[in-house]
Amino acid sequence: MVDLIVRPRAGETIDTDAAVRIRDLTVVYKTAAGELPAVSHANLTLRAGEITGLVGESGSGKSTLALSILNGVRAPGRISTGSVDVVNAGDVTTLAGAELRQVRGGTVGYVFQASQNSLNPLKTIGKQLLDLGRSHGVADPKSLIRRARELAEQMGMDADRVIMSHQHELSGGMRQRVGIIFALVLNAKVLILDEPTTALDMLSQAAVLEIVRQVHKERHLATLIVTHDMGVVAELADRLAVMYGGRLVEDGPALDVLRQPEHPYTAALIRAMPRIVGDTASARALPGRPPDLMTVPRRGCVFRDRCPLAMPKCADTEPQLVEWMPGRHRACYADLSDVTAFAAQPATSVGAAAQPTATATPEAGSDTVTEGAGQ
Amino acid sequence: MVIATADAIVDETEIVAPPASRVPLVIRVLFGRPTRAVATVILLLFALMAIIGPMLYPNNLRVDPEHIFAGPSAKHWLGTDYAGADVLAEILVGSRYVITSAIIAGILMVAIGTAVGLISGYYRGVAESGLMRITDFMLTLPSLPLLIVLSQKWKFGSPLMMGLILGITGWAFIARPIRSQALSLRERGFLEAARGLGLPARHVIWREILPNVAPFVAMNLLLSFIGSIYAQTGLFFLGAVPYSSTNWGVMLRQAVEGGALQASSAIAYLLAPMGCIMLINLCVVLLLDATDELFNPRLRG
Amino acid sequence: MALARYIAAKLLAGIVMIWAVATFTFFIVHSLPGSPVDAALAQKLAAGIPYEEAQQQIQAIYNFVPTDSLWSQYRDYLWRLLHGDLGQSISYGGVPVRSVILDNAPWTLSLAVVALLISFALGLGVGVLAAMKRNTASGNGLTLSGSFLHGIPTFITATLLFFIFTTKWPVFPYGDAYDINVTPGFSGPFIASVISHAILPLAAYVISGYGAWMLVTKSSVVSVLGDDFVVAAELRGITTGRKMRYIVRNAMLPLFTILALSAGYLFGGSLFIETIFNRQGLGALQFNSIGARDYPLMMGSFLVLTVSVILVNIIADLLYPIIDPRVRR
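Chains as they are written, first to last, in my numbering: chain A, -19 to 355; chain B, 55 to 355; chain C, 6 to 334.
FYI, nobody ran anything at the bench for these hints, they're computed from the structure.
One thing to keep in mind: the hints can contain errors.
What the hints assert, rightly or not - Chain C regions said to be covered by chain A (calculated; three or more residues, Cβ under 8 angstroms):
hint, region
1, 234 to 240
2, 248 to 257
To be verified - Some chain C residues near chain A, calculated using beta-carbon distances under 7 angstroms:
hint, residue
3, I243
4, T244
5, R331
All C-beta atoms in this analysis are idealised placements derived from N, C-alpha and C, irrespective of residue type, glycine included.
With these hints in hand, go ahead and build the complete structure from the sequences.
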C-alpha cells in the first residue's frame, strides 16, 4: 500500500505532514523468564520538516523504538502488537523481503550509534555506495556517487578522498558524516539518528549537529534523534518525546517541555542537568536506577518507585498518554500544578523521595557540560 | 488495559532472580545434557581403565599360539593378536600408557603455551618479541617429522618421556591464540586500570587475564589430550618408536603389519584400539562446549 | 613506504627462520646416538679405505668432514646447503639426496595441493552453512560431525578407507600411484590410472582435513556476523546476496593465515597416507629412511619439508596486504 501521506485512522485528525505514525507499538524480547516488553504501547508521530528528539536513559527502549520504524528489531526481539506507518510505504511491520529492503535506505535513512564500524572494512566507500545503489535497483548507480560527493562537500569533506577511502582511513567525525551520507543518498524522507554524538569529541559533535540541521531543513525531512543528551535536544529539536521503562511518558514542543515539564520524570531529568552558570551542586540526581527488561514493574506506572509524587493509584493502573493541551501529551496522574511545583523546586529543598544520598547517580555518558541525565 | 496478563504469572512486584542451585556447578554443566552426561561417563570409564587395567593382568599376557588372529569368540571377546594374546586384555592394559602420556602431554602443552602466550601478550618489548620468535619457530617445524627425528635421538619408551616430548614440541599452537586474547584484553583498558592501581604484573596476569582466557584454556586442554593420543599412536604406527610395552598404537601397527587388512578375521584386532581412540575423540568433542559454559558465566543463563 | 618495509621485514624473518631450521637440523644430526657419522667413518676405515678418502666420502654423504672442528663442520654444512647439496642417500646407494627428493616430491605435492583445495572449499561451504544455522539441530549436527572427523587421526581414516574399499570391497586399486603395467606419459590410460589410484588417498586427506577448515570458518563467520557493519548493511537495505559476500570476504581473512600453517599439517599427513597406500612421495621417503637409518635422507627431507612450509608462510604474509586493505599502510 503506497501512500503519499500516512493514512489516518478513524477518529484521528488528518495530518498532511505526518511522515511516520507509530500506533500502540509493543516490542517484546524473549528471555528465560518469558517474553518481556522493551517498548509498551508507544504512540508517536513524526512530521516532515520537524526534528523530534527522543530522550531516555539506557534501557528505556528508545533505540528499540527507533529500530521499529525500519522493522529492524532482531531476534530475540519482535514486534508483538501495533503498527508503524511510514509515508510511501504503509505499515512497515507487515513488510518483509524485497519490499522491506526498499524502505530501508530508500524511504527511511538510519544513522547508527556505532558509525565507527558501520561500513565493510574491506571495500572503499565508493564501491559500497555502488553496492547500495544496485541493491535498491537504482538505474544509474554512479549517480549515487555524484550525490554522495555533493553531500560530502556540503559537510566539509574532501569528496574525492572520501570516495576512494576505506573506513579505517577516515577519522571518527568523518565516519559519522559518511554514515549520514549513506542514510540520505537515496533521498530518504525520514532520517533517524541513534546517539549521533556519543562517540565524538566536542568539535565534531557541533559540526555533525549543524550538518543534521542543514540537511534536515533543505530536504524537509522528518528527523528523529535518539539521545540521552538533553543538550543535543535543546539545541536542535522541534519536538521532544521522553521515554522511561519502555513507555512514552511525555511529549510536546521541545522548548515548552523543557521550560515547563509536566511529568515528574522529565522534570527530574531537567533538574539533574548541571547548568553552565550557577552552582553545579544544584544539579539533583535522581535516586534509584532505571529499570531494565527484567525489573520493569508489570503493573501500574513504571516510574512510581522513583517518583516523588507517587500516589496509591500509581501502583494500581498504568496512566495513559493523554493530550492535556493541543500538541502536548503526558502519562501521569499527578496534578499539573504539583508537577510544575516539583520542577520549580530549588535544589536545597528536597522531598523525602528525592533524597540522593546513598543511591546511585545516573551513569554519566560523555562529559559535555550540557550533559543531561546520564545514560 | 495495562499488562494485566502479567498478573497471572507474577505478582505486582518485580521478577526475582531464581534461587541459587545447590548442586555444584561442574555437575550441573557436565550432566545437564544427556549427550554430555554419556560422554562424561565414558571418559571416566576410560580413566578407570587406565588406572586398574594393567592391574587385572599379569605382566606378560598369556599367549595362546594355537589361536593366532582369531576372531571374537566367547573366550576372547575381541579375538586374539598375532601371538595369540587376548585383544581385550591388551586394550585394557594398553590404555594406561596412552592415557597417561596423553594427560601429561596435554597439561604440559597447555601450561607452557598459556604461560608463553600470557607473558608475551602482557609484556612489551624484548620478552614479547623473543617469545614470539620462538613460538613462530616451533610452529613452522612440522610436528610429525620433527617427532620422528627426535625419536631417533631420545627413546620414548616410557609414558613420561612420551608425554614430555609431545608437550615440549606441541605448545606453540596454544601460545598464539592466548597471546592474541591477552593482547585484546590489554587494549580493553581494564588492565590499565589494574596497573594504575599499582597491582603487580603477576596479580594482573593471574587474576585478571587468566580468568578471561580460562574457557579457551580448558577447551585446549581437551583438544591437546586427543591430539596427543593421535600423535603417539601415529608414532608407534609408523614404527618410529621402538615398542616395549603394550599400547594401542603398537597394536595398530602390528595389526596392519600382521596383515589384518587382508585377513578379515583379525579385524577386531585392528578395530578395537581404533574404536577406543575414536570413542574418546567423540566424547571429548561432545564435552567441548561444556568447558565454555563452565567458565563463561554469561552463558549459564 | 610502510609496505616496502613490511615486505622486507617478512622476507628477513623468513630467511632467519630457514637458517634456524638448518642449524637445528645440523645439531640434531650431530647429536644422534651412536654418532652415525663416526660409525660410518670407522666402518670405512675398517674396510681399508685410506683416511683422506674416507673423510671425503663421509663429507659427500653428510655434508661435513667428520673430523674437523664443530665450527668448520657447521660452515661446511651451510655452504653446501646454499648450493643445494643435501648429501647422499645411504639407502639409495649414494644417489644425491636432492635428486631423490626431487624425484619424489611432485607426487606428494600434486596430491596435497588438490587435497588442500578440496578440503578448503568444502570446509568453507559447510562452515558458512553451520554458522548461519548455528543454533539449529542441523547446524549443530554439521559442527559436531566436523569436530569428530577432525579428531580422527589421519592414519585411522586412511587405514579404514583402505580396508573398506580395497580389501573388503575391491573398488579401488591397491596402492601405488599408478598401475605398474601402464607406462608413464601423457596418455589417456596413464592419466586414468593415476586418477583412480589417487581417489582413496585424496579422500583420506580430505576427510581428515575438512573438519579443521569447517570449524575455523564457522567460528570466523559467527564472529563476523556480530560485527556492526553486517547489521548496518541489513538496515540500509543491502540485498542478502551482497550481505553474504561481505560476511564471507571478511570471515576469510583469518583463514588465509591458517592456509599457510596447514601446509605443515599436510606434509605430516602425507607420511601416513603414502605409507598406507604404498605410494611414492616425500612422506614415504621419510618413513623409509627411518627403517633404513638413512640419516642424510631423513634430515634432507625434513629440511626440505620445513623450508617449504616457511616459504609458503612467507608468500602468505606477502599476499596478505592484497586481501586486507587495513594492513596496507
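Hints and how they fare:
1. 234 to 240: Our answer is that it holds, as 6 residues pass the Cβ test (under 8 angstroms) against chain A, meeting three.
2. 248 to 257: Our answer is that it holds, as 3 residues pass the Cβ test (under 8 angstroms) against chain A, meeting three.
3. I243: 5 angstroms, holds
4. T244: Given a least distance of 4 angstroms, the restraint on C:T244 holds.
5. R331: With a minimum Cβ separation of about 5 angstroms from chain A (threshold 7 angstroms), the hint on C:R331 holds.
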